[in-house]
Amino acid sequence: MKGFLTINAFIVVFFLASCSPDPSREVLESYTLTMEAVSGNRYFAGETVDVNLRLMNNIDTAVSSYKVAFTVATGGGNLSGETALTDRNGTVATEWHLGSGSSLQTLKASLYRPEGTYITSSILNVYAFRSDAWDELSASPDGSIRGMAADTVNDVTVMVTNNTAYRQGSRYYLWEEISGMESDRPRTIKIDRNGIFYISTWSGNILKSTDHGRTWITCTKPYPDHPYYIFMNVANDNYIWVFKFDLPTKFSSDGGVTWQSAGSEIWECGYGDVFRLKDGSLLFHGGNASSLYRSIDNGQTWTHINTPGLSTKLYVNSEEEIFICNQEGGFSIYKSSDMGASFTRLYTAFPQFGTEMDNIFNKWKDIYYIL
Numbered sequence: 001m002k003g004f005l006t007i008n009a010f011i012v013v014f015f016l017a018s019c020s021p022d023p024s025r026e027v028l029e030s031y032t033l034t035m036e037a038v039s040g041n042r043y044f045a046g047e048t049v050d051v052n053l054r055l056m057n058n059i060d061t062a063v064s065s066y067k068v069a070f071t072v073a074t075g076g077g078n079l080s081g082e083t084a085l086t087d088r089n090g091t092v093a094t095e096w097h098l099g100s101g102s103s104l105q106t107l108k109a110s111l112y113r114p115e116g117t118y119i120t121s122s123i124l125n126v127y128a129f130r131s132d133a134w135d136e137l138s139a140s141p142d143g144s145i146r147g148m149a150a151d152t153v154n155d156v157t158v159m160v161t162n163n164t165a166y167r168q169g170s171r172y173y174l175w176e177e178i179s180g181m182e183s184d185r186p187r188t189i190k191i192d193r194n195g196i197f198y199i200s201t202w203s204g205n206i207l208k209s210t211d212h213g214r215t216w217i218t219c220t221k222p223y224p225d226h227p228y229y230i231f232m233n234v235a236n237d238n239y240i241w242v243f244k245f246d247l248p249t250k251f252s253s254d255g256g257v258t259w260q261s262a263g264s265e266i267w268e269c270g271y272g273d274v275f276r277l278k279d280g281s282l283l284f285h286g287g288n289a290s291s292l293y294r295s296i297d298n299g300q301t302w303t304h305i306n307t308p309g310l311s312t313k314l315y316v317n318s319e320e321e322i323f324i325c326n327q328e329g330g331f332s333i334y335k336s337s338d339m340g341a342s343f344t345r346l347y348t349a350f351p352q353f354g355t356e357m358d359n360i361f362n363k364w365k366d367i368y369y370i371l
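Numbering (the numbering used here), first residue to last: 1 to 371.
Bear in mind the hints are in silico, worked out from the structure with no lab data behind them.
Among these hints, one or two may not hold up.
Calculated pairs, BS3-like style, for lysine-lysine (alpha carbon to alpha carbon, straight line, at most 30 angstroms) [what the hints assert, rightly or not]: (1) K221 with K208; (2) K363 with K278; (3) K244 with K278; (4) K335 with K278; (5) K108 with K190; (6) K363 with K250; (7) K250 with K278.
Modelling step: build the complete structure from the supplied sequences, incorporating the hints.
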């Protein structure tokens, strides 16, 4: 797929056009090298980028017969032509076939006068994403993702980053900003089992979308007298759970229309994971260590379950086996098949460096993934 957009990235070089020592008679000549390809654009590795440059100055306008030498600096790609002279319109072109050596690909264009004197150069950086490798990305918007949720049935992904929400475009690395949230500043995002997206904001509101992220409405505010951010989670039964320091933990069973306080036993446990079991009971584990609880009355009262070590994370699979993680020996995973009466250690990993984060625990087919 070929394509380019135009951007005026000006490189201006000044030199004396006259040898006269009289400053009043000196004329400064400037060159403007315009590249019709946007730095930072994104492609797939192997695609072709049309690179067009135009050289102009403030005396003769279009500048012809100047040499431009193209060099692929990173990425391992190749060019249809490495050198060319500007034509009478001051233009020169080449095709850049992107490589697969790295995600960041760099093309350098060097400009020379007709007699061979070097003038200046221009750099074009683009990204070429590979299907068989991990690609590093630090550019906005997805270089600093705070949260992401996906509806894989309808092929919709929404992310939150830099206080802004984005909906995935025609390719997985292209993003379209969702408008209308500027005053609320999105913070986190979740999705329920019906494909409804929920976004919590820095002002303590919850927004939801029932049409795959196209439009958003504001839910009833769970803590109406408090203007600051909350912690939010969506359980496997589509209940929305919210947490705020020094305030009751609350949940909503109707998509954020009404809110109910949970039992006080878990108020001090912090932001956590909630799972509805087949018998109707609830399992909860807060962000504070060893805070695994069970409720048999829809969250009104809770009974503590002892866990090995200082547990920090809860996951329940479709067979209702309970998995918890703790920091024993670095990072350890335990499983219980008897509703928390006993736990068996499955695996211990040794991180290369210490960190504090909210671990992500998920399962796809028969494989578990833990971050």
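Going down the list of hints, with the structure as the test:
| no. | hint | in the structure |
| --- | --- | --- |
| 1 | K221 with K208 | holds (12 angstroms) |
| 2 | K363 with K278 | holds (18 angstroms) |
| 3 | K244 with K278 | holds (28 angstroms) |
| 4 | K335 with K278 | holds (18 angstroms) |
| 5 | K108 with K190 | violated (43 angstroms) |
| 6 | K363 with K250 | holds (27 angstroms) |
| 7 | K250 with K278 | holds (22 angstroms) |
Violated hint for the displayed structure: number 5, the only one.
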